[in-house]
Amino acid sequence: MQLYLPIAEVSVNAFLLLGLGGIVGFLSGMFGVGGGFLITPLLFFIGVPPAVAVATGANQVVASSISGVLAQLRRKAVDFRMGLVLLAGGLVGSAAGIWVFQWMTRLGQVDLFVQLSYVLFLGLIGAMMLQESLRAWFRSQRGGPVRRAHVHTWVHGLPFKMKFRASGLYISVLPPLGVGALVGFLAAIMGVGGGFVMVPAMIYLLGMPTKVVVGTSLFQIIFVTAFTTLMHAVTNQTVDILLALLLILGGVVGAQIGTSIGVRLKAEQLRILLALLVLAVSVKIALDLLIRPSELYSVMPGVLP
Amino acid sequence: MSGAGLRQGLGIVALAMGAAGSPAPAAESIVAGLSQNRVSITADFDGSEILVYGAVKRNAPLPEGAMEVIITVEGPATPVTIRKKDRRAGIWINTEAVHIDAAPSFYAVVTTGPLRQILSETEDLRHRITLPRVIRAIGAANESGSPTEFIEAMQRIRIGESRYRVLQGAVEFTEQTLFRADVVLPSNLTEGEYRVRIFLTRGGRVVDAQDRVVGVRKEGLERFLFSLARSQPWLYGLLSLVMAAGAGWAASVGFGILRR
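Quick mapping for you: the protein sequence lines, in order, are chains D and Y.
When you line the first sequence up against the working numbering, it's residues 1 to 305, in that order.
When you line the second sequence up against the working numbering, it's residues 1 to 260, in that order.
Pulled out of the complex, with its shape left as it was, chain D reads as follows (with noise of 0.2 Å):
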């Protein structure tokens, strides 16, 4: 069935969009990320022009965390406290990252610059949870000693201390807000929700435990992707409902089914399925960037300033 999208403006089949959402919906649910940094290449493939993809991309991953937010708190697994302060340091990285993105539009390469940071943090980070999360994985299988998650480090001395009861930590509130910062940065540049930096950071350098992980994770990119949709509608016009509402209805669903199944994963599977799924992402963007395009000219309709 073919539908006229609005703001697209193109014609797509909606099963493809429904079965789209479902996918990058029942990843979100399995993993704690929100998606956005598939969603927006698969729209991109599929015609629908980039600032839509974008804006449109942001709309339904404040859909699917919901649902995935939901279902988390049935089992508690929120830490509302964590999300919170992360929230805060998001809100200032994420204004610096639009004065950022700005300033790199001026200069007239901000594809490029995206392309690049997508590479370079995807690829830093799915190579350092991959390897990580081998190596636990390998010393469960021997059924070695298992070291504890958080072995005090210089971050435990660090001042303004505050107690996350739902994490079990009782730690400084500047590394959260340093984390949510850093995310809230990428975010703004890289048009996605942070998920995928957001859960590594939560694990290695808070040292929260991967029960809570998924959920406070959501609950944070809830508001940083609401936030971005509000500015593209208002900034740019191109968040298109339609369009929206059809990943929406795909990946609503697809996030229970990717909840119910993560919670059955052990946590080291989980870390190393993420890991690969990261990783593929960044190797396609640098294939892009390093292979010949077939065509070497693109058209875009408008000035640029």
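Hints in this document: simulated from the structure, not taken from any laboratory.
Remember, it's a predicted structure, so these values are computed and weren't measured experimentally.
Be careful, since some hints might not be right.
Claimed, not checked - Calculated cross-link-like contacts (lysine to aspartate or glutamate; reagent style EDC-like; alpha-carbon spacing at most 20 Å):
id: 1; chain 1: Y; residue 1: K85; chain 2: D; residue 2: E295
id: 2; chain 1: Y; residue 1: K85; chain 2: D; residue 2: D288
id: 3; chain 1: Y; residue 1: K57; chain 2: Y; residue 2: E191
id: 4; chain 1: Y; residue 1: K84; chain 2: D; residue 2: E295
id: 5; chain 1: Y; residue 1: K84; chain 2: D; residue 2: D288
id: 6; chain 1: D; residue 1: K284; chain 2: D; residue 2: E268
Dock chain Y against chain D, hints included.
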């Protein structure tokens, strides 16, 4: 009822004859009609078709030489930026760019024969019929050493997207009098006024020309959402968020019930 106007448009043969800009005294003139004078983009829009038909009206016996018909359909023009990628430090990045003042978002030329044979260079310049003449690129030369390469690339890309098409020999022309042609409009259509032009040529010279306009407009839900997004962006943005929140909540509740 939006379909009424459409049906009314069917079969209406235009009254205007020997339209303005016809170069020769109208010994031969066009009587033409369009299957529809408006196209509605609704939610299930998947491309459309315009049938252009008509006849040649003659006051004198048939002159020497074969008569040819050229029909063009032109969508609203916009400025365009064409970029070229180049390899710098191992990666492919956008380097050069050329700006075009006005390029149509859609353009189709349908003819009875090869354009080179049925249309002279001078007439093409005057009426802007072939693709390179339609794309106005004044000042593009200042930005790049070879703007022609960029313009050719744009033509290639837009032909690939079915935005531009050249169909030589696709006009049915019977007995040097009756003609008809179907122009397929793609599904990625832009709103606006589409200009339909019909030319009669003989020996490369334009004998008569006629101009029509087809209005392409979003209708119903498409119209409503599009204008809401433009006129009430805050409301529209909040609506998108409410929809997202509602769907997320509904799915969670629904699955909660299923699991119990």
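Quiz item: Regarding the pair Y/K84 and D/E295, is the alpha-carbon distance no greater than 20 Å?
Solution: 9 Å, holds
Quiz item: For the pair supplied as a hint, Y/K85 and D/E295, is the alpha-carbon distance within the 20 Å limit?
Solution: Answer holds: Y/K85 to D/E295 is near 9 Å, not above 20 Å.
Quiz item: Between Y/K57 and Y/E191, does the CA-CA distance stay at or below 20 Å?
Solution: The hint is violated at about 34 Å.
Quiz prompt | Straight-line alpha-carbon gap D/K284 to D/E268, limit 20 Å | solution = 24 Å, violated
Quiz prompt | Pair hint outcome, Y/K85 versus D/D288 [Cα-Cα no greater than 20 Å] | solution = The given pair, whose Cα atoms are some 12 Å apart, holds under the 20 Å limit.
Quiz prompt | Straight-line alpha-carbon gap Y/K84 to D/D288, limit 20 Å | solution = Distance of about 15 Å is within 20 Å: holds.
Hints 3 and 6 from the list above are not met by this structure, while the remaining hints are.
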